[in-house]
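Produce the complete structure using the sequences and hints provided.
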Amino acid sequence: MKLFLSTDFEGTSGIVAWEQIIEGNAEYEQARRLLTNEVNAVITGALEGGATEFVVNDSHHHMRNLHPQDLLGQATLITGRHKPLYMMEGLDASFDGICFVSYHGSIGAEHAVLSHTYNPRAIWEVHMNSKVVGESGINGLVAAHYGVPIIFVSGDAVTSHEAQHIAPDAEKVVVKQSIGRFAAAHMHPTLACELLRAGAARAVRNLNVMQTPKFELPVSLEVTFLVADMAEMAQWVRSVERVAPRTVALTSESLLDLYHMFVTVVTLTRALVEI
2 MKLFLSTDFE
12 GTSGIVAWEQ
22 IIEGNAEYEQ
32 ARRLLTNEVN
42 AVITGALEGG
52 ATEFVVNDSH
62 HHMRNLHPQD
72 LLGQATLITG
82 RHKPLYMMEG
92 LDASFDGICF
102 VSYHGSIGAE
112 HAVLSHTYNP
122 RAIWEVHMNS
132 KVVGESGING
142 LVAAHYGVPI
152 IFVSGDAVTS
162 HEAQHIAPDA
172 EKVVVKQSIG
182 RFAAAHMHPT
192 LACELLRAGA
202 ARAVRNLNVM
212 QTPKFELPVS
222 LEVTFLVADM
232 AEMAQWVRSV
242 ERVAPRTVAL
252 TSESLLDLYH
262 MFVTVVTLTR
272 ALVEI
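In our numbering, the protein residues as written are 2 to 276.
Everything labelled a hint here was simulated from the structure, so no lab data went into it.
All figures in this text were calculated on a predicted structure; none of them were measured in a lab.
Ideal Cβ placement from N, Cα and C applies to all residues, glycine included.
A few of these clues could be false.
[Said to hold, decoys possible] Ranges of calculated distance between the beta carbons of each label pair, as one might list FRET restraints:
1) 209 <-> 30: 17 to 25 Å
2) 112 <-> 132: 24 to 32 Å
3) 112 <-> 243: 39 to 47 Å
[Said to hold, decoys possible] DSBU-like cross-link-like pairs, simulated, lysine-lysine; straight-line CA separation at most 30 Å:
4) 215 <-> 84
5) 132 <-> 173
6) 215 <-> 132
7) 84 <-> 132
8) 173 <-> 215
9) 84 <-> 3
10) 84 <-> 173
11) 3 <-> 173
12) 3 <-> 215
Put into structure tokens, the structure is as follows:
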């Protein structure tokens with residue numbers, strides 16, 4: 002049984018500040034140990050449930066937060082930036098299940114610690130077919146394209162709630178309760194890892210009842226940016242339509258093409274953020 006793990010950082014117990022999860026800051030080394038322990042807890046539980054092969058895509062910031070030698074289960078680790086499939090790089094139809102580890106709430110969510118949707122310095126909000134979505138919903142497009150169910154999600158309570166519409170049967174483990182965007186009540190890391198291990202084991206054992214995300218075609222993504230210049234730049238991508246000064250619409254019958262369009266828009270507009 003082969004599992005794909007997409008790992009973020011903000012949903013880890015103990016994390017409440019950008020300074021903790023960006024390289025070069027004093028707290029970063031402690032934070033990456035917390036993340037690594039949670040990822041390994043998921044792998045350990047999945048092994049207990051019967052999984053045999055793991056591919057881990059490090060998906061946060063510069064995407065080199067995990068060391069290969071630290072991962073259990075002899076997991077393959079995908080690191081580095083500018084991946085064609087971004088947070089879902091490495092997924093294909095050969096996998097049996099997907100785990101979203103240490104995910105977080107969307108930029109518009111209430112009481113979601115470190116909430117954002119892909120780029121907090123560029124994206125104000127994202128709607129999918131008129132419904133606000135975060136990263137789990139957007140990444141579900143790739144899962145649906147390849148026909149692989151999302152079987153496990155971890156983070157805060159908002160993360161669990163937002164994943165419900167794409168993965169209603171997935172095991173959802175809440176390791177902290179968000180108080181605000183920069184405050185949370187955290188489960189002790191040891192207890193959090195115990196719950197993650199148990200949840201991952203249940204997810205694998207119940208794999209037969211997990212269903213692939215379903216989307217009504219065509220799917221439309223509306224992306225609202227912080228400033229109008231970003232919407233103007235997004236129009237450089239073919240089939241992107243500007244529908245308001247700061248908002249563009251991406252529409253496609255192909256879920257994978259739609260995701261590629263979104264990733265391209267995110268990558269382009271990052272240039273304006275970095276000016």
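To see whether the hints hold, each was checked on the structure:
no.	hint	verdict
1	209 <-> 30: 17 to 25 Å	violated, 40 Å
2	112 <-> 132: 24 to 32 Å	violated, 19 Å
3	112 <-> 243: 39 to 47 Å	violated, 32 Å
4	215 <-> 84	holds, 25 Å
5	132 <-> 173	holds, 21 Å
6	215 <-> 132	holds, 14 Å
7	84 <-> 132	holds, 27 Å
8	173 <-> 215	holds, 19 Å
9	84 <-> 3	holds, 21 Å
10	84 <-> 173	holds, 27 Å
11	3 <-> 173	holds, 19 Å
12	3 <-> 215	holds, 22 Å
The structure fails hints 1, 2 and 3 (numbered hints given earlier, in ascending order).
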